[in-house]
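Student: Sequence:
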Amino acid sequence: MTEVTLGWQPNTITIHLLRCAVLVTETFLKPSIPSSMVSFVGYNLIRNDRLHKGRGGVAIYLRGDFEYSIAAMSNGNVEGSMEYIFLEIRINNSKLLLGVVYRPPRRSFVEFLTEYENILADFVPVYSNILIQGDFNCNLLNDTSESSSFHSLIDTLCLEVLPTGATFHLPSGYSSLLDLSMTSSSNKIKLHGSLSIPGFTNHDLLYVVYDLRCSKSRNLLITYRDYKHLNLEELLRTLSEVNWDVKIYQVQSVNDKVASFCEIISELYDKFVPVKQSRVKRRPAPWLTDELKRKMNARDRAHAQYRRTKSPLDWEKYRKLRNRCTHACRDARRGHIVEYISEGSPDNIWPLLKGMGVGPDQHSSDNSSNSVDLNGLNSHFTTNPAQVNGDVKTRTLQQIQSLPKPDCPSFDFRDVTSSEVSTALSAIKSNATGNDGVCLRFIKLFLSSILPVLTHIYNESLSSHVFPDMWKYSLVTPIPK
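Residue 374 in full-length UniProt numbering sits at position 374 of the sequence shown; the count goes up by one each step and never skips.
I should point out that these hints are in silico values taken from the structure, not numbers from a laboratory.
Incorrect hints may appear among the rest.
[Stated by the list, open to error] Derived lysine-lysine pairs resembling DSBU-like cross-links, with alpha carbons at most 35 Å apart:
(1) K472 <-> K444
(2) K247 <-> K295
(3) K310 <-> K320
(4) K95 <-> K247
(5) K317 <-> K295
(6) K429 <-> K276
(7) K310 <-> K95
(8) K393 <-> K429
(9) K228 <-> K293
(10) K271 <-> K444
(11) K271 <-> K247
(12) K320 <-> K30
(13) K53 <-> K228
(14) K472 <-> K228
(15) K247 <-> K429
[To be verified] Here are the computed distance ranges between Cβ atoms for each label pair:
(16) A72 <-> L475: 32 to 40 Å
(17) S419 <-> Y340: 29 to 37 Å
(18) G42 <-> K190: 21 to 29 Å
(19) G335 <-> S128: 17 to 25 Å
Note that beta-carbon positions come from the ideal geometry of N, C-alpha and C, so glycine has one too.
Input sequences plus hints: build the corresponding full structure.
Tutor: Structure (structure tokens):
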């Protein structure tokens with residue numbers, strides 16, 4: 001929708017629309033009232049009347065040139081049940097699930113929550129664009145068990161209620177928030193709000209401008225080290241030609257030894273495991289088995305058959321195959337995630353979730369909401385906030401020195417062995433890169449060849465009481481919470 005203009009006269013409301021739909025609750029329509037009496041020129045009326053006693057019913061006026069299908073509709077014969085219509089609308093190669101919902105005030109709230117969850121649980125995994133409006137008869141302005149349960153359900157379904165303030169007003173001055181607009185993609189909401197029309201209804205009219213333009217997905221450009229084409233034999237041969245006597249053993253300073261060692265390893269890293277870039281067109285789907293692919297092909301063939309014939313039988317065949325395929329894909333995806341999480345470690349779980357699009361997009365260029373002064377953040381955690389009084393410091397040191405010394409052997413460093421160095425490095429499970437950009441995965445490929453060199457450097461550091469300057473640096477990544 002891109003424009004909504006309202007005007008009214010006694011017992012009449014005129015709505016000027018441009019590319020939009022009108023969702024109505026409590027239509028009071030019965031089968032005896034033909035649609036021609038309540039139609040809009042240029043719009044299709046999809047109605048779901050209440051067939052038993054009482055005034056209810058829901059309807060959607062949809063622009064006539066929109067392609068749509070009914071995704072779900074309540075049974076109008078069931079007294080006291082939730083009333084709804086959900087449409088799948090196809091515009092510009094995009095799909096929108098558009099729904100209108102009415103919860104009768106006498107409907108058990110617990111039963112309503114269960115029914116609402118069961119309906120949307122099938123839609124949320126399938127549709128990336130969901131927009132629902134309706135009268136839920138649950139005042140979200142009050143902090144009650146009902147409103148809390150409803151908020152919890154909405155969060156569980158990954159939906160968001162668009163804020164409007166009170167939407168129902170009584171002449172006595174009492175106001176409440178009963179009429180809601182909710183969506184799965186708040187970033188596509190360009191405009192929303194409510195309009196009061198006193199004299200026509202106590203309910204405000206809700207409006208939403210939803211951008212359904214089909215945006216071309218960007219291929220993700222990733223940077224990686226190419227281990228696939230690593231020539232390990234050539235790497236080991238090159239490493240054996242390094243003159244370690246000149247480069248390491250004959251160097252006097254520990255800092256110079258470490259600098260020379262890191263330079264050699266970095267050159268080998270860049271030569272044998274070069275940095276490359278690749279465009280990822282789609283995220284991996286390890287749960288997508290050959291059986292699921294066959295079901296998807298059968299679904300697509302049935303859809304093509306229906307488009308050729310427009311036969312109701314072909315439509316019903318396609319609809320059944322589509323629903324089976326949707327449920328099978330969802331169950332396979334869930335099963336893969338559950339199995340991986342139950343058997344894997346936290347270190348493996350997060351890469352899985354990020355690969356499936358769960359969590360923040362680390363490659364996004366829009367970091368304005370998380371922008372911080374990095375220098376200020378660093379100073380906050382590295383600056384000592386309190387200055388210790390000199391006299392207090394002196395007295396404390398004197399008191400510590402006056403304490404009786406325990407009768408125990410003194411501690412002295414000893415030289416480490418190559419076996420101890422190998423065991424310590426092999427125990428490290430992280431492949432995170434340090435300040436030199438080299439990860440442990442690369443080092444382990446030829447660890448046995450450089451063990452004498454590393455052992456020499458460690459022992460020189462211990463004997464000279466010098467911790468190498470290059471090893472004092474760490475990469476700190478602030479993560480917004």
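Student: Tell me the hint numbers this structure goes against, listed in increasing order.
Tutor: 2, 4, 8, 13, 16
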